Each structure stands twice: as C-alpha cells, then as structure tokens.
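Chains as they are written, first to last, in the working numbering: chain A, 1 to 352; chain B, 1 to 289.
Treat the hints with care, as some may be off.
Quick list of the computed label-pair ranges, beta carbon to beta carbon [unchecked claim]:
hint	chain 1	residue 1	chain 2	residue 2	range
1	A	Asp161	B	Leu130	27 to 37 Å
2	A	Asp161	B	Lys256	51 to 61 Å
3	B	Trp221	A	Gly55	56 to 66 Å
Worth flagging that the hints you see were computed from the coordinates, not collected in a lab.
Please read these numbers as outputs of a predicted model, since none were measured by experiment.
Think of the CB as a built atom: it goes at the ideal place given N, C-alpha and C, for glycine as much as any other residue.
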Amino acid sequence: MSDLAIEASQLVKKFPAKPGTGDKPSEGGSAPPPKRKLFPFGKKEPNAMFTAVDGVDLQIQRGEIFGLLGPNGAGKSTTIRMLCTLLEPTSGTARVNGFDVVRQANDVRRSLGTVLAGERSIYWKLSGRENLEYFAALYHIPPAIAKKRVEELLERMEIKDRANELVEKYSTGMRQRIAIAKALLARPPILLLDEPTLGLDPQAARNLRELIAQLKREGHTILLTTHYMEEADQLSDRIGIIDTGKVIALDTPEGLKRRIDQQEIIRLEVIGWQEYIGDKLRALSEVSNLVARKQGEADLWEVNMQSNNSRAVLPKLVENIGQNGTRLVNMNIVKPSLEDVFIHLTGKALRD
Amino acid sequence: MEATLSPQSLGKPGLASDLRAFWAIVNREWTIFKRYPSWIIALLIWPLIFPMMYILTARALSGVDGSGMTVFTQTTGATNYIGYIVIGTTVWMWQNIVLWDVGFALRNEQMRGTLESNWLSPTWRFSYLLGHTGPQIITMTTFILITAVEFGLIFGVRLNGNPWLALLIMLASIPAIYGLGFAFASIVITAKEAHTFVFLVRGLVMIFCGITFPVSLLPGWMQSIAEWMPQTYMIHGMRSAAFANASFADLLPDLKALLLFGAFWLTLGYLLFNWMERRARQTGAIGQY
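Extracted from the complex, chain B is given alone in its bound form (with noise of 0.2 Å):
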C-alpha cells in the first residue's frame, strides 16, 4: 500500500518536469483564450480605431490636401504622418494591453479561486507568469500583424526601411514591456486593485513618450522624464527602422537603451515576484479575494 501512496515514486523533478508544467501553463492559457471567441473581433477592430482618433486630428490640422504636412516633416522628418502614428499607438496598445493582461493575470486566478490550488503544487511559481506570458505574445504580435495589414490596404501606408530591423526592435522591447507587467502582477496581488496606477503609466507614455509627435516638442524637463522610459526607445527606433530607413548602427543606441531597459524590468519583476511571494505566506494574500 505504501508504495502506491508515495509521491517519491515520481523521482525528483528536474529541469523536463519544469519544462512539461511551464509548457502545460501555455497551453492552458491558450485553451482559455481559444474558449472566448469575442478576441477575434477585438483583434481585427482595436488597431484600427485607435489610432483613426488621431490620424483624423492630424487630417484635420493638416488640411486634406496636406498643405499643412511641411511643418510636420520639418520637426519630425517623417513624410508618413500615418505611418508614424500608428506605430507610436500600437506601441502604447501594446502596453496597455500588457498591464491590464500580465498584470492582472495572477489577480484573476486569484478571483476565480484557482491560485491557491496552483500554488500548492510543487512547480516553480514564476512559470505561472511566464506561462501566462506566452500566448500574450503570440496574440500581441498577430495584433501588431493585423495592424500593418489593416493599414497597409486601408490607408496605403507602405514601409520605407528594413522590416527586419524593425521586429529586431520588437524583439528587444519584449523584456521591458513584459518586466514592467511582472512587476504589475505582482503588486496587484497585494494591493488587490491597480486601475489607478495602469491609468497612471499609460497616461505617462501618451504624454512623455511621443506617441503622436516628437519628443523634442516636450519641455526640457519632460524630455528628461522621457529618457528614463523605455517606451520612447521602441517608439523612436520603431519609426527609424520602418521609415526612415535605418541602419543597424543607427538602431543601436536604441537597441542598446531597451536592453537594458529590459534587464531592469525583468529584475525588478522577478524580485517584486518574490517578496509578494513571501508576504503571501504571512498574510494569507494567495486565498483572498
């Protein structure tokens, strides 16, 4: 009887068994996701009205003909005024996204009542976030696909630079977007309620980080807020590499600046992870909700 009622008999996990559960949270996330078919409305709407609130504010103020667009180019040297707005919203949506999704991720589970029970499993509890993260970034880029495609057939806006550079931009802003969503997750569990700060740091990108114009039409003061934000890094070498035809070398003091960007966040977001981690095993906080 012993021998049937032994969780050793299993053997010590290791490293595949860490693997099999992490990859056993992605797919649950993904089977969720699949089960609430709305997404794919949001998916196919959400690139496009956002950003048309502001392409049609800037039609507006540089007349239909476009007899206003010289001033623009001047500041921005941007001839695709579209073009450099959809990139600086899908770079804030993406964001957004981020923060409401990761970072409130271990909250919902927490809600739902299913955080206790994954909790008392022996898996390492940051895959509960990383997994978590996966099918966000599949979604996110079919997002950022549907946003070029939507806007390429609609609006005719084409890319003026090397495409690759420009996903070699994505690829390196992915640490600091999903750092800052870990960090999120983990102050949301112990606070329970965060709306006012996810209103708070997107407020702060749309206003520092240039979405819908340059960053040196800020005040010095705010320029020097916008250094220290990740945000205007992937807006700027987004719009470098898609249309001002970019080089690698010419990318790379963005590269370099979302790297590290990257490092901080996803130290900050591990490390928040931890002691809301601990602070759960003396409040109680995993089975409140």
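For reference, chain A alone in the conformation it holds in the complex (with noise of 0.2 Å):
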C-alpha cells in the first residue's frame, strides 16, 4: 500500500462562468469584442469557464493533518469536493487511499469520512442516534457493528444523554459532533472536514481541536480546509496555502514562517482609520504588504504591515497617522504569523 493516502496531480476544475466573470485571457492584451452575428443560429459560442482549482498538486502521507488554508473562494471546497467524488476534476487525476477519484469511486467513498456543510449535512427533525445508525446502514455497516459504533462513538462525543433527543433541539457544537461522529462511523482512514469549526463558540471550537488532534494520534490521516491561520497552525503538520485556485507554498507551518523572519511584522490599532493614509503609508520604501481591518462596530481598525526596518519606519508611522482625527493606540512589533505569510504571498488578508 503506498505511502501517501492523498495524491493529486495537475488537479484543475473549471465550471461555466457567470457573464462576465470568466477567465481573462493567459497572455497579454484584452479579448477581442464577440463577433455579432446576423442571424444567431448555428453552432453555439462556447461559454466562458471560470476556474476554480488550477493545476494543484498534494501528496499528504498517512496519519498527517494537513491543512488547506485559504480565504473564501480561494478553491479549498472545489478540491476537497474532487477528492471526495461529489465533483468530477476538468482534468489531472486524483487517488484517495491509493483509488481513483473518477474511476474507482466507490471504493474512495469507503475510504473516507466527511465532514462537507457542518451541521446541515445531518437531519434535524431525526435523534442523534437516528442520525447515525441511518448514517451506519448507508455506510453499509453490519447492524450488530452498527449498534456498537453507534453507542461507542455517542460515548465519546459526549451527547450520549441526550442522543434520543432530536438534532433541532442541539447546540452547534453537538450538531458538529454528530456530523464528526457519523464521517467516523465506518472507522476510514482518511477524514475531510471542510470548515469543521465554522459557526462554533471559542469553547467549542478548542473541544473540536482536540479531538480532530487525538483523531490524528488515532491513525487517522486528516485533510482539514480552515481560514482560521491559528487552527491550521495549531492543528497541522503541513500546510498547504491556496489562492485563486493555486498551491502558492507548501510547507511545515515553521517552515512557512520562516520564509518572513527577515521582516518583522508591525501591527497598529488606530482610531479613524483613512484610506489615504494606507496609500501614503505604502509609499514608503521600509513598508510592505498593509492591510488594514476594522474590529468590531466602534471605528477601531487593525493596520498589519511589514517592514524589514522597523526602527526606520516608526517615526513615519506616527508622524503619518496622527492627522485629522486619526488616532494611534496601539503599536506592537509581532513574530510572523501563518496569516503574515499569507499577506507575504498574496498582498491580502485571509478574511478579506
């Protein structure tokens, strides 16, 4: 059996594109006007294609968490759908548990335990335990190993008081967990969670994180999507950064890290943040990659930059930002973060 329970090669998944959101054209200039025809019949133009995924490569070994990180729209969903069989790849090929994606899919959906729409991929108006022996019964488990996991795996999530109760009447973290425990009842190898601690409360989401941890420590291998930098950060033993559809770097998250510990990371809470400060700000030579978010509803904003000189670039700082109602209250200098090569690589923020 070989090694790597992921491979893909030159993934790439293309879809029809809304009127003018296709693909721009790959060398230079813009594309030519659409010829108008006199009488529109005859052979149809053929749509413009927006690509989701382009070229992606991964091998992930067996019994690793390796991390996708990416902000929205960025291809993590589309990839993590190619691996579980709901999306056919536009070309390149994938094996999952050393199978197939297109040819052998069946035996890739044995393989794999997911966790795709969190708490909207179980039944609401059935129990807990309905949810997962009907989950057990789909998965083709014997029902007297059924009966068992069901009790072993409501034991272990914790909701075993409550497993009679229906789902609508759960938190979202034990919505999670049922979602989690039923990718866990056919005992795969390999589990995708996509998102798994979107919408949880911070309590809930650290519980999650150690038990997709302990998942790890298990056997199991985990392919885990997130834009949350410090789980990926937390969680993987590699992380793979995408972006518009791309793998722009690979690496341990110290490995990723290192790739800025030239530069040191400015960071800035300012009151009243103006826009045509960020530009005057970016003109200066000691400064790259700004990125300005506001926190909260007061208008209190959090300025990111780099700087490979930040005892140069302070004055600046304060001389350019303390105009018009523009207030500084806060100035740190920070260790680089996952979310700090992202911007490094991308020259935007992971929740932009």
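Using the hints, put the two chains back together into the complex; each one sits in its own frame.
Below, the structure is given as structure tokens:
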C-alpha cells in the first residue's frame, strides 16, 4: 500500500462562468469583442469558463494532518469536493487511499469520512442516535457492528445523555459533533474536514480541535480546510496555502513562517483610519504588504504591515497617522504568523 | 492501528447491505413524516374538499332533483356522478401529490444540506428516490382509502363492480405515476425550480384526461393527446372497475396501456436520474442550493 493517503496531480476544475466573470486571456491584451452574428443560428459559441482549481498537486502522507488554508473562494472546497467524488475534475488525476476518484469512486467513498456543510449535513428532525443509525446503514455497516459503534461514538462525543432528542434541539457544537461521529462510523482511514469549526463558539471550537488532534493520534489521515490560521497552525503537520485555485506555498507551519523571518510585523490599532493614510504608508520604501481591517462596531482598525527596518519606519508611521482625527492607540512589533505569511504571498488578508 | 481504520474490514457490500440501506431510507422518511402531525388533517380534509367543488357544480347543472342526469348517463354510461367525479379528481390529486412530493424529494434534501452527505456514502444513489417512494405509496393508499370511506359514509357512494379489479388498476398505475415523479425529481435538481412544469402537467391531466367528464366530449385532436397520457387509462379503468362492473377482459386494454406507460416512465425516470447524477458531478449541482 502506498505511503500516500491522498495524491493529486495537476488537478483542475473549471465551471461555466457567469457573464463577465470568465477567465482572463492568459497572454497579454484584452479579449476581442464577440462578433455579432447577423443570424443567431448555427453552432453555439463555447461558454466562458471560470477556473476554480488550477493545477493543484498534493501528496498527503498517511497519518498526517494536512491543512489547506485560503480565503473564501480560493478553491479549498472545490478541491475537497473533487477528492471526495462529489465533483469530477476537468483534468488531472487524484487518488485517495490508492483509489482513483473518478474510476473507483465507490472505493474512495468507503475510504473516507467527510464533514462538509457541518450541522446542515444531518437530519434535524431525527435524533442524534437515529442519524447515526441511518448513516451506518448507508455505509453498509452490518447491524450488530453499527449498534456498537453508534453507542461508542455517542459516548465519545459526550452526547449519550441526549442521544434520543431531536437534533433540532441541540447546540451548534453538538450538531457538529454528530456530523463528525457520522464521518467516523465506518472507521475510515482518511477524514476530510471542511471548515469544521465554522460557527462554533470558542470553547466548542477548542474542544473540536482537541478531538481532531486525538483522531490523528489514533492513526487517521486528516485533510482540513480552514480559513482560521491559528487553527491550521495549531493542528497541521503541513500546510498548503491556496489562492485563486493554485497552491502558492506548501510547508510545515514553521517552514512557512521562516520564509518571512527577515521581516518584522508591525501591528497598529488606529481609531478613524483613512484609506489615504494607507496609500501614503505604502509609498514608504521600508513598508510592504499593508493591510487594514476594521475591528467590531467602533471605528477601531487593526493595521498590519511588514517591514525590514522597523526602527527607521516607526517615526514616519507616528507622523502620518496622527492627522485629521486619526489616532494611534496601540503599536506592537510581533513575530510573523501564518496570516502574515499569507499576506506576504498574496498581498491580501485571509479574511478579506 | 491500521486494522481499526480499515473500511474493508466491513466486507464488500452486496445485495443485503444495499437492501438494508434502502430500508434505512424508507424508515428515515417515515420517521420524519410522522414528526409533522399536520398531515393527519390534510389526509382527512383534502379527499373531500377538492372533489366537492366539481360535485357541487354538477349538482347545480343537473338540478337538485337530478332531472338533468339523463344526459350525463347517456354520455358517460354512469349513473353515479359523485363516484364518477371522485375517481377522476383522486387520480389527479395522486399525480399532483407525487409531483410535489417525490418530484421535490431530492431538491428538499439539497436545500436542507443533507443531499451531499447522502451522496458521499457508497450506497446506490437511486435508492434515495426509491426509498422516498415507499412511505409516499403508503400515505397515498391511506388517502385513497379515506376518500372511499368518506364518500361512502357522507354521500352514500357504493361500488358497483369488483374492488379487487379497481385495486389492480391502481397497482398497474403505480409505475407510470412514480416514473413521472422520478423524471421530475431529476429535472428539479438540475433546474432548481420546476413549479411551472408541475403546474403544466397537472393542468394537462385536468383538461385532457377527463377528470370530471368523458374524454369523448373533447375535440378529436385533444382525444389524440389524451391517448398518450397514462392518467386517461387510470381514470377510465378505475371507473369501469368500480362502477361499471367491468370484467378483467374489459379492463385488459387499460391495464396493458398502463403497464406500457409504466415501463416507459420508469425507464425515462431512471435514465434522467443517471444523467442528472453525471451532470451534477461535473457542475457541483448536488451541493448548490
């Protein structure tokens, strides 16, 4: 058996584009305007295509947690949907547990436990126990084994006391745990978790991260997509950063951060931030990758930038910010995080 | 560790595991159906309300004393206009409910978000539609029985024929009615919306299949269209079996037509389902709502 749990080679997925949103021509210049036909009959013009995943290569080792990190719309979910056979690649190949995702789709499905769409992936009008019994039958688990596993998983997810209540009465965290229990029913060697902590409160998210780490210790290979960089940093053995359908960096979290360790990260908190100040600061030679984000309801902004000489740039920052009612309330020079790596690579924030 | 994380340890799936999965889908549908208790009211009231509209119109036209009934009897060969109407409207309601219920079964799952998690399992995917049909047939049979009981008790409608032959016509109608539902279910997943098609089909059944009048009243071209609709044979066969004391031999043309239409619609439904499933893998339609 191959050491690779998941292997993708030059995976591409294209969808028909909405008008005006198709791929741009790959070589310079704008596309010529479409010729207007005198008679609108005959062969249909091919639709413009939007490339959601653009030549992704992945090799995920057995027993590792691999984080796929990227902003919304980067191609994470499309990649995961191709790996779990919901989508057929436009080109390229992928193997999961040694099985081809197109030609051996049922073997791939038997090898995978998948959490997509989180709490929406289970039946709210069934109880937690009924949901698990139902999905156990869909995964062809013999009834005697299914009964035992359902009880074990209810116990493990700490839902046994409320297992007979309808899922609609559960909290979001409990529903997410049932969705994960569902993925574990067939004891699949590989788990695909798409944004597993999305919408959870901090405590529930922390508990779920502990569970994911424990599943790795039990031998599962886990492919995790997230746009929470702390989560990817904390859990992943390796991380692939994906943007506009391409894997733009792939390394361990430490390896990724080392790429910008010559850079210092300056983090400011500013009240009344104006975009023109950002433009002025970007013009400074010592500043790169400046990103400003509004914090909560008040007019408080977090401004991050990278610099190779913070000592030289600090006086200029103070001078530029203290104008026209803009006020600097906090300033730190911090170690690079994965988000800083992402900004360094793409020029934009992960949660833009 | 590897031994505990091996789906192969469960053995290769076979007919028994596919049947268990199918039964689980039936059981799931039935359990969810029971948790919306308003269906009891719908089952009691709808069999009366819809036919009443036509029965009262017929009563107004024939006169309260029934003096206008002679013409009706001459045209239709039926003496019991209430039973005549109830059979037509019940077939219409059956098809209508199947179009909404089976036709939108996958779409409702898609909007809830559960379709993807079903699709991710190694179960034969057509089971999801077949499994939905099981409880639907049970509720529709109950609906038809309640119709018979209510009109028997309230309006004194009595069968003048062989109830087993009426049941046979009903059974022979199932493939055509549900095959049409399967075809719809597949179109709805792709098109996301099919209300217009449902309105069109039930409108066609209402006008062309003679739910309250004999098809012979229609112009020739409309009768030709009616011949291509299985509901025409369901209504004719049920009326003949229930009220005209028709024999098995009399019903044979209707039965043959129904079985042929059934084979056609079931095959088309299955082919459209496979087409939709392939297309969904290319477009990602299963996860879109």
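Outcome of the hint check:
1. The hinted range of 27 to 37 Å is satisfied by aspartate 161/A and leucine 130/B, whose Cβ atoms lie roughly 36 Å apart.
2. Checked against the given bound of 51 to 61 Å, the beta carbons of aspartate 161/A and lysine 256/B, roughly 59 Å apart, stay inside it.
3. Taking 56 to 66 Å as the suggested C-beta distance range, the pair tryptophan 221/B and glycine 55/A conforms, at roughly 58 Å.
When each numbered hint is compared with the structure, no violation occurs for any of them.
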